[in-house]
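*Asks:* All chains should be built: construct the whole structure from the sequences, respecting the hints.
Read top to bottom, the protein sequences are chains A and B. Per my numbering, residue 4 is the first one in the first sequence, and the count goes up by one each step. Per my numbering, residue 3 is the first one in the second sequence, and the count goes up by one each step.
In short, the hints are calculated from the structure, not lab data. These numbers come from a predicted model, not from an experiment. Keep in mind that the hints are not guaranteed to be accurate.
[Said to hold, decoys possible] A partial selection of chain A residues facing chain B, derived with a Cβ cut-off under 8 Å:
#	residue
1	45
2	281
3	297
Ideal Cβ positions, reconstructed from N, Cα and C, are used throughout, including at glycine.
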Amino acid sequence: MISYRKAKRYGDDTDMAKYIGKRLIYAVITLWIISVITFTLMQLVPGNPFLSEKAPSAATTAALEAKYGLDKPVLQQYLTYMGGALTGDLGPSIKHRGLTVNDIIAQGFPVSARLGGVALAVAVVLGLVLGSVAALKRGKWQDNVILVFATGGISMPGFLTSTILLLSIGVAFKLTFGLGSWQHYILPTAALSLYPMSYITRLTRSSMLDIMGQDYMRTAKAKGLAQPKVLFKHALRNAVLPVITYLGPALAYTLTGSFVVEKVFTVPGLGNEFISSILNRNYPMIMGTTLFLALLIITMNVIVDIIYKIVDPRITFK
Amino acid sequence: MDKPKIPHMPTFQLDIEKLDIRPGDFDAAEASDKESLVILRDSVGFWKEGLSRLRRNPIAMISLVFVIIFLIGAFVVPEIYPYSYEHMDKLSPHLYPMQYSAAEEELRAAGEFVFPHIMGTDALGRDTMIRLLMGSRISLLVGIVAGTIILVIGSIYGAVAGYFGGRVDTVMMRIVDIIYSVPDILIIIILQVTLKFPLTRLAESVSVFAWINKVGVSLISIFIVFALLYWVGMARIVRGQILSLKQQEFVTAAKALGASNGRIIRRHLLTNCIGTLIVTTTLQIPSSIFTESFLSFIGIGVAAPMPSLGSLASDAMDGVTTYPHRLLSAAIWISLIILSFNLLGDGLRDAFDPRLKKDKS
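*Replies:* Right, dumping it as structure tokens:
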């Protein structure tokens, strides 16, 4: 593991606290804006969520609206909803009888998180390895093979990767749906990690190439340091920085990518629920899931930013 | 004080008599004489140099050819193609590539020419090839229109922020930071789901907006979403360029000559970022196509009967074990479009904007 102990000397603790405070304030503002946007947009939709093929009577609709507080003024509805959301209650799911949005998130999220976590880990590890190999073997056949693979990887939409994997390997080995055993993780993980892995590979390759041309690399080699030490201590350590900045977007990609991958592999995760709630027009569910995922992505972004500042001492706190 | 004398300074007197001067020596130089004195190569313009660099890059040229083929296939070929994308032929559903229905076989037996279903037909008897072409038309349209919207908004916003600097810059870039951290796909999905109703109402009630229905509400809301969220990357890149450009002398000169801020931004700053603008826009196109196909695949993209490559892939999921060619054709088509735009963008970046090469892979 690479250690970054020295970095601490450069940053002042109060600066760091200020920086974290600022990032947190922005995160809260962003979340608030997202909640306003989603809530306002939900108001634009005509009719009410109780409409189905059998239109309920006016009295039933009124009773249901009173029950869910939909007869109150919009601002009051928003405040009530946000009050609930802040205390961790995202309201009832209209299409699931007796289940709240919280219940569904609690059911689906651990599944998605496990899948996404594995995929992200695979993407980072393999991406770093492939990118470094490509940079070290620049211009040789290994570099070309990896580049072709990575460029193909960022050109394949996730839904195609997953359907093609499912239909070829999945059908052949009977790994078509669910997450029954560890083998069932292989294909969804592969489908989910292909894009971020290719991206990280390209990122690592170009930043490695950039770093290997730097003067301090020549110094390290001239000092007679062993090749692996030069690579790990000097090159990879710096090449990993752009990859860290990409972790935020990569997480967002994995979460949204899981919508498709879970649909294709019929994994009972949050992504699958989100897609069906969109198709069912289950608005409380859409709103709740959006807020939850936005919170997750934004928190991760803040964490990534902070890690980045700790890791790279050259960056000044601002 | 006397000037210090330099010791051993030779005295020198020009002796005109001894010089070998002829009458022709003071004639104006001929063109050929001038040429022999030019050491530098001809100065090459920005476009010429970039294009020649692009031409030397075989991958970029091949992808350019592919992009042109896709554009012709999407915008020209459907106009002359014998089948239409919405025409259903109940007699010829589920045909394999190059297969003819019974009725068509009869016609062929009678000696008539029947245009083959190159990629077969779908469950409703619609020709798959024309649907692929129309689907790629939608995808390319989304990519190009979104790219243009992003180019306009992002470059103006970034240029204004970078040029004025100070508090204006701080406020404008904070807004960018916030939009940047909004999870785009989530907002796109929500907008996509909710914007349809107000847009339809707008198109029906106000006659000026009747064109919305023609283009398709879902397509419009995709554009709105891109216009709202996707320009921030462009704005950041342009701002960075402007920050360094505005320090240069020619901007000071323009200011001293009394050029207005608008003119400086338009004529001097943005024209100098043209390479960056082209490259970023080209690389934006595949990512917009990517997003659109994702939306269509999960069922909230372009509305039927209009096909999009994503919805074609999604439709092909039914009965895919029997008719794998439908999924594969859509998959290969869309990947090739995205791949060729990505490679062309990489090539353009190397040719027109080598500076960008470092930070983007």
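*Asks:* Determine for every hint whether it applies to the structure shown.
*Replies:* Taking the hints in turn, this is what the structure says about them:
{"no.": "1", "hint": "45", "verdict": "holds (6 Å)"}
{"no.": "2", "hint": "281", "verdict": "holds (6 Å)"}
{"no.": "3", "hint": "297", "verdict": "holds (5 Å)"}
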